[in-house]
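Going down the list, the protein sequences come from chains W and E.
1 is the number of the first residue of the first sequence in UniProt numbering; add one for each residue after it.
1 is the number of the first residue of the second sequence in UniProt numbering; add one for each residue after it.
Errors might be hidden in some of the hints.
Chain copies aren't distinguished; within one or between two, either way the pair holds.
Restricting the straight-line Cα-Cα distance to at most 25 angstroms, the calculated cross-link-like pairs of lysine to any residue (SDA-like) are [unchecked claim]:
{"id": "1", "residue 1": "5", "residue 2": "40"}
{"id": "2", "residue 1": "208", "residue 2": "154"}
{"id": "3", "residue 1": "221", "residue 2": "69"}
{"id": "4", "residue 1": "73", "residue 2": "24"}
{"id": "5", "residue 1": "245", "residue 2": "191"}
{"id": "6", "residue 1": "86", "residue 2": "269"}
{"id": "7", "residue 1": "5", "residue 2": "270"}
It should be emphasised that the hints constitute simulated quantities derived from the structure, not laboratory data.
Note that the coordinates shown come from a computational prediction; the quantities given were computed from them, not determined experimentally.
There are 2 protein chains.
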Amino acid sequence: MERLKRTDRLVVLSSILTKNPNTLYSLNDLAVMTGAAKSTISEDLTLIKELLLSHSLGELCSLSGAAGGIFYKPLQNEKGSKDFLKELADRLNDRERVIPGGFLYMNDVIFDPHIISRIGEIFYTKFQHTVPDFIVTIETKGIPVAAMTARSFNIPLIIVRNSGRVTEGSSVNINYLSGSTNRIQTMSLARRALPDHAKVLIIDDFMKGGGTAQGMVNLMKEFNGVVVGIGVVMTTRNPEQKLIKDYTALLELISIDAETNEVIIKPFLGKNVLF
Amino acid sequence: MERLKRTDRLVVLSSILTKNPNTLYSLNDLAVMTGAAKSTISEDLTLIKELLLSHSLGELCSLSGAAGGIFYKPLQNEKGSKDFLKELADRLNDRERVIPGGFLYMNDVIFDPHIISRIGEIFYTKFQHTVPDFIVTIETKGIPVAAMTARSFNIPLIIVRNSGRVTEGSSVNINYLSGSTNRIQTMSLARRALPDHAKVLIIDDFMKGGGTAQGMVNLMKEFNGVVVGIGVVMTTRNPEQKLIKDYTALLELISIDAETNEVIIKPFLGKNVLF
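With the hints as constraints, model all of the structure from the sequences given.
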């Protein structure tokens, strides 16, 4: 690679690092990409690190040693995240979203890449200290948010299925009581999908009674997995007693009025509040 | 915001733009963020644009007029993409992946955020000229790839369900013949999920007979939608005659030997080959 000027190196380095969260680049790789000495790259990275920090654009971190290098953490700051969640709650507080049966339509929000990329970074900020090996979700509506969370962590996504699939080989199946439908259902995960003793972070779009999340926790036990955290986009105020105690949510559905269709959603302020 | 030095502005601008593909920033926004005059920002952007181009890191494009601004296109170059697909094919060419019944296990690949972010950018590169309004996929395994493609385009994702869900209101259901199971199945999309006359790009993980893709095309007709393209991660050489003619794939499953479990997968070289 040709030798770049300092400003040019800074542009190339910051683009590569921030585009690829939690991807480790050795100083050597970066030196080859930009044609600069490793010591020069180190100085560049120090400057980029300061600038990202001062603009709340995340953090650069280094890992020392032979397999070391530098990687970008897409951390979100408290003020920006609070504003974002407030706006999101306002957008969801809309009578037009209420569907007969008292359900809330929110697919446009949880399938919007700009919103869910941000949510993925917020979950990353909350759970990064738990150092999960995998993000686990259950089909279907939580998958895009879980995929973006997996992208922020740069760790694999695991999707639990609603029934065993012949195309995935032998699987572990468990029954669980779904709080929202009040019916016994089956969830399933291919034996080869998850190694033994993995640390998993469970991410889903919605929690009501916590039955589905509890099912996923039980399923993880079958793989000797350790659940390091549970994050959902929205939880409901009722029932207050959920099967799962230790979870966090971004938003709370406080009430839906079946007659007027009035919806009240607010940023979550429960026990494990994010910020 | 404090006034930044030129090098500092370059780092901040390139990080913000490349982190948020196809997100429009007005010169005014960027001027406020960095404390510089709009004319200065314009010069910075010209430099960033040249550097991204010369390092195959994508393109900066401007939109003129009152609602104008600048946005980042995450374009992938031909050489890098070919190498990437070749490596991916090699990784999948593994007897251990063959599951009784002649299926191929590839969840670890299509749920890996680093791989699917790249695939999303490759699909973006291929289909950006078709200017879709939505990415459409069907549950379950194609969702992460489709979500990353939606992220590259910065357009909403739509997930077709395998049956109508009470929580999404009235829906349009159609029957289709799934090539892989040779059974009549139902697919369903909430009426409110997609406006009339939308331009949609269909993305899925796998195509065999093309029945599922054909079903999605028919479903889109019910919404007066226009299918501007179909992209799948992997297609099969057999059957050669598929229900869908006009699609592109990244990889081709040429054969699985039921006795030896030998798998042959290569980068796709069919009619609508990507590069």
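Do the hints match the structure? See the list:
Within a single copy, residue 5 and residue 40 get their C-alpha atoms as close as 11 angstroms, and across copies as close as 19 angstroms, so both meet the 25 angstroms cut-off. Taking CA atoms no more than 25 angstroms apart as the test, residue 208 paired with residue 154 passes in neither setting, with 29 angstroms inside one copy and 30 angstroms between copies. In this assembly of identical chains, the alpha carbons of residue 221 and residue 69 never lie at most 25 angstroms apart, being 34 angstroms within a copy and 51 angstroms across copies at closest. Taking identical chains as interchangeable, the C-alpha atoms of residue 73 and residue 24 lie at most 25 angstroms apart whether they share a chain (11 angstroms) or sit on different chains (23 angstroms).
Taking the closest pair of Cα atoms, residue 245 and residue 191 never come within 25 angstroms of each other, the shortest separation being 27 angstroms inside a single copy and 36 angstroms across copies. For the identical chains of this complex, residue 86 and residue 269 are intra-copy neighbours only, at 12 angstroms inside a copy versus 48 angstroms across copies, given an alpha-carbon limit of 25 angstroms. Taking identical chains as interchangeable, the C-alpha atoms of residue 5 and residue 270 are never at most 25 angstroms apart, the minima being 50 angstroms within one chain and 43 angstroms between chains.
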